[in-house]
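> Going down the list, the sequences are from chains A and B.
Using our numbering, the letters of the first sequence correspond one by one to residues 111 to 378.
Using our numbering, the letters of the second sequence correspond one by one to residues 59 to 159.
Check the hints yourself; a few may be wrong.
[Stated by the list, open to error] Coverage of chain B stretches by chain A, computed from C-beta distances (three or more under 8 Å per stretch; other residues unrestricted):
1) 73-80
2) 85-92
3) 113-124
4) 132-144
These are calculated hints, taken from the structure and not from any lab test.
Don't be surprised by glycine CBs; every beta carbon is placed ideally from N, CA and C.
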Amino acid sequence: MSRAVRAALLAYPPDVRERLGAEMTATLLDVSRGSRRRFARELAGLAGAGLRARAERTAAQSGRRVVADGVCLAAAWLMTLDLSTLLAQRVRGLHDPLLAPGLLVLLGVALALVLVGHDRLAGAAALAWTAARFPALLADVPGSALAVLAATVVPVACFVTLVLAPRRRRPDPRRLAWLLVPAVLVVTFGPPSYDQSPLLVGLVAAAALLVVLCALAPPAGDPRLAIALALPLLTLGIRPDRVGIPLVAAALVLVSAGARRTRGTTWR
Amino acid sequence: MPSYIALATLLDGPAHGYAIMRRAEALSGVRPSTGTLYALLDRAIAEGLVVAGEPYVEGGRERRDYALTPAGRSELAAETRRLERAARTVARKLRATTVPA
């Protein structure tokens, strides 16, 4: 039971969890002693209160800070996507200057730094990675320099935001657990035979759906998630063919949802 | 109103979370949920209405006693006066209006 309470407490901001978690667990167990129904109700109430606490804290920040936080989060997700894709290609045995070990290591370092909480350093490493791969990227798509530039604009803007407006977070190496995500993505999309486990593909799809719901669901919806989801979609959508149009449209919907909530009063 | 009741329970002296919930139930007939109670306490502490004591362990469970500050007592008194005024107005209106049979 206390394990379930600990899981529900994850909805709270970490400092509140640290300060009040043990006490809230004790009180909840006392209140719901002998009644499973009451325990379930209390548990749901606790998770809801935790999400509200997070939402209130976000709403108390300035709009500019919320947007910057969303863009920084988008930078981390873009790095995750890029690292997963490039590693998966490497695992499949592809050889390409874009898959050079040095570049992959640089991107991995940037992702690790942003996860731990060193946003400025991570942004600088990611910008160095972008600059180092740019000639190979241009050579990879001959004659479409404009398309390459367009596809690079959003990630570069995100990395620059990391450098100029880093999030205020205490460094925490436990966040490296997020590296499991690219590992799972590599396993999902990487086998040489292109055989993807339906379970893993399902898990990835469910996780993506969960993020969308968290970004859009009122009242606890977080504009930062909407912004963070929109920017990778926009990056994927900027391409010469028409396949990207739905992605760009989805990104615009998310950006407008994020902007509406960032304006503050209605969202709060 | 839950915030008023939670503060009012501390007039009987400092209490930990579970004791506050039981006092609230005895006072108003409604027991706040754990999440609601701690959100109220957190806000009351930030506003200087309540102070939290040092954590201690009782029966293997971590507790902390909460106590009303002088500012919390004043706020409670002001809120009580507001509620009394509102109750008097409502009572007057109830007497003045008739319910069609």
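> Failing hints, ascending?
4
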